[in-house]
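Asks: Protein sequences appear in the order of chains A and B. Residue 1 is where the first sequence starts when you use full-length UniProt numbering, and the numbers rise one by one after that. Residue 1 is where the second sequence starts when you use full-length UniProt numbering, and the numbers rise one by one after that.
Think of the hints as simulated: they come from the structure by calculation, not from any bench. Nothing here was measured: the structure is a model prediction, and the numbers come from that model. For every residue, glycine included, the Cβ atom is placed at its ideal position computed from N, Cα and C. Certain hints may be false.
To be verified - Taking lysine to any residue pairs in the SDA-like style, the calculated list, with each CA pair at most 25 Å apart, reads: (1) A/LYS191 to B/THR37; (2) A/LYS191 to B/ASP307; (3) A/LYS191 to B/GLU292; (4) A/LYS191 to B/LYS303; (5) B/LYS303 to A/ARG21; (6) B/LYS303 to A/GLU190; (7) A/LYS191 to B/LEU273; (8) A/LYS234 to A/PHE171; (9) A/LYS295 to B/LEU273; (10) B/LYS303 to A/HIS188; (11) B/LYS303 to A/ILE192; (12) B/LYS303 to A/PHE199; (13) A/LYS191 to B/LEU284; (14) B/LYS188 to B/MET206; (15) B/LYS303 to B/ILE250.
Claimed, not checked - Estimated spans, in silico, between C-beta atoms of each pair: (16) A/LEU125 to B/ASP319: 56 to 62 Å; (17) A/THR228 to B/LEU141: 39 to 45 Å; (18) B/ALA208 to A/ALA56: 31 to 37 Å.
As the list claims (entries may be wrong) - Covered by chain B, per the in silico footprint, the following chain A stretches (three or more residues, Cβ under 8 Å): (19) 185-197; (20) 264-273.
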Amino acid sequence: MTSTDSRIARFPFPFPRDQYRYSTNVEPAGNPATTVAGRWGTTHLEIDSRYHEELAERERILTADPSRHQCLPHMVPAAWDAMLTLMRTLAAEYPDTMALDRRGDSWFWRNDLLGIEHTFVFGDLATLPAPPLVYICGQIQEDVVLLDQREGQLWGDAGLVTFAADWSFGFDVGMSFLEIHGPVPRVHSEKIITRAHNFLMRLEPGQSYRRTNWTLTVDGKLDTSTETYPEWGKDRRTLADGPLDEVGDRLFLRTEVQHLIRLAHSGAVMFLIRTYLLPLRDVASVPEWGARLYKVLEDLPVDMAEYKGISRTREPGMRWLAAHGNVEP
Amino acid sequence: MTMVLETVAGAGVTGTLTLTVREARLLCPGVRHVVLTDEGGRALPTFTPGSHIAVNWAEGRHNSYSLTGPSIEPDHYAISVRLDENGHGGSRWVHDLQPGQTVRVSRPRSAFAPILNARHHILVAGGIGVTPMLSHVRAALEWGRSFEVIYSFRDRQGAHADELAALCGDRIVTVSTPEELREALLPKLGDQPLGTHVYTCGPAPMIAAVAEWARECGWPPGRVHSEAFGAGPLPEGNPFAAKLGRTGMIVPVPSGTSLLEALLDKGITVPNLCRQGVCGECRLSVRGGEVEHRDLFLTDEEKASGDSIMPCVSRAVGDRLELEL
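Make the full structure from the sequences, and use the hints.
Replies: Here it is in structure tokens:
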């Protein structure tokens, strides 16, 4: 299997039907989801062939803009909790290359993929080469947001996000969950966000759920955050104004697999956001996917397309799919 | 249906842990301290300070007890149980436990957690209500949180009093009557930095008194916390029968089994996703019978109309429910 084949086989195709609307689409994590091309979701943390490449990209972004990492002072225990939980998860899901052992008061961490062997004392910053979220996010492909629960609400008070799709974690930090989702169209009248909020606040320690979200991204850029808009914003126009032939390789279906996990020590809710990008050419190589993406884009209401930032790109995407994607005229 | 993150004993989040009594001793008159471990020596699930476990002491009977020991992947769980001569028998059962015995307990549940962004924590314990404060104090020390403890107990019978004194140093005051508690606490409630939170665990009159004093001192209710057991998962509910309107088939739904599970067990296809009453996937139409709505999906109006049910969490009020299936 080539790496493209495996990327298609493991791609979390996000559309169960021909129409997409917002919903509280959470399901228990860790169970494989099958698609017509393969399956995904057997693990909480996904290490794939782009591991080193994406970690290098994260490091580059973080060095250029350290504000991608935020940790309000009261979230320090939650950041340690998240790090230990992620290490424990990696060790459980990738036992051949990762291990976490407790040795009295200290912990021994091994990550063979990066040649790391490190001993640390939980909670003692002097024993880590970087703050806990920075340290562990240098070893996973997922972005992380930590939500504190207090006053009957969730607050996005810590995280490390380098691969944001058209939002800014540095802007959102310290906001409540409901404030963060304020600009999303439709979800308020349908009470989708309140329901998700109530659900998250009732998550039990150790429980984990997942959901998917999606958009379209030009040129497969992981970092399409508000901070770097001047660098990528014009791509949407150059794609729309450019030759149709290029769309299949320039326009990507972007799926986010988000895991929602209650951290057991701090009680914080951990959001893991993993971004998968597949060019339309590869999407269309699976006939059912090409046809379905076309129908979803065709049906998507204007306000949702606007919020997703795909007003300019969905037209060319549909035209390309109509020509190459098994779409019934 | 849910995954466990830690390498731990037990089947899963919703399952129970089967642990072995490693140690059981009298801590002070009437209070027995029991230490539970995994027989295979594995680490136990991490818990949030203030968490409790439900101990299964008879068929279908559980008592909740706060965990008093360390909280991060601990090698044991410890509980301290006061013998309640007028209780239903759960505390007596715990007092009769001997080392080597097997005990089934729930995974830890958090219902009395410290507020992470508090500037200062005042922990008020009454009698055996001291138990959740131990994990609070341990975490406060671990993370350098500002805190103080007022521990009220009678007749010099303070469970964990020495241990707490050793942990707290000069940050603990002990008292032995409600009047002394009032004298010790009122000045503190009247003079605190903004962002202080107070936590009370003890007899109901004491919790009410602390809340009342705090209110008189102008504290917002959101800064005053007390231990409330029983805020965990939904209760198991009464058994009932579901009649399928189209086929007339009767599906019994035992206590502790959801309507959704009962239908699926009979091979009846019901689309479902979250099984928590939030996603809306499993919604069914109701033809007859009254619904006890326990979901977060249906609107108040929809619940009032009574023609829909989310079978993953909701049940019948009576012994019969008729479904459009």
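Asks: Each hint needs a verdict: does it hold in this structure or not?
Replies: So, going through the hints one by one against the coordinates:
no., hint, in the structure
1, A/LYS191 to B/THR37, "violated (44 Å)"
2, A/LYS191 to B/ASP307, "holds (20 Å)"
3, A/LYS191 to B/GLU292, "holds (21 Å)"
4, A/LYS191 to B/LYS303, "holds (15 Å)"
5, B/LYS303 to A/ARG21, "holds (23 Å)"
6, B/LYS303 to A/GLU190, "holds (16 Å)"
7, A/LYS191 to B/LEU273, "holds (18 Å)"
8, A/LYS234 to A/PHE171, "holds (22 Å)"
9, A/LYS295 to B/LEU273, "holds (24 Å)"
10, B/LYS303 to A/HIS188, "holds (19 Å)"
11, B/LYS303 to A/ILE192, "holds (17 Å)"
12, B/LYS303 to A/PHE199, "holds (18 Å)"
13, A/LYS191 to B/LEU284, "holds (20 Å)"
14, B/LYS188 to B/MET206, "holds (16 Å)"
15, B/LYS303 to B/ILE250, "holds (24 Å)"
16, A/LEU125 to B/ASP319: 56 to 62 Å, "holds (59 Å)"
17, A/THR228 to B/LEU141: 39 to 45 Å, "holds (42 Å)"
18, B/ALA208 to A/ALA56: 31 to 37 Å, "violated (59 Å)"
19, 185-197, "holds (count 3)"
20, 264-273, "holds (count 5)"
Checked against the numbered hints listed earlier, the structure breaks hints 1 and 18; every other hint is satisfied.
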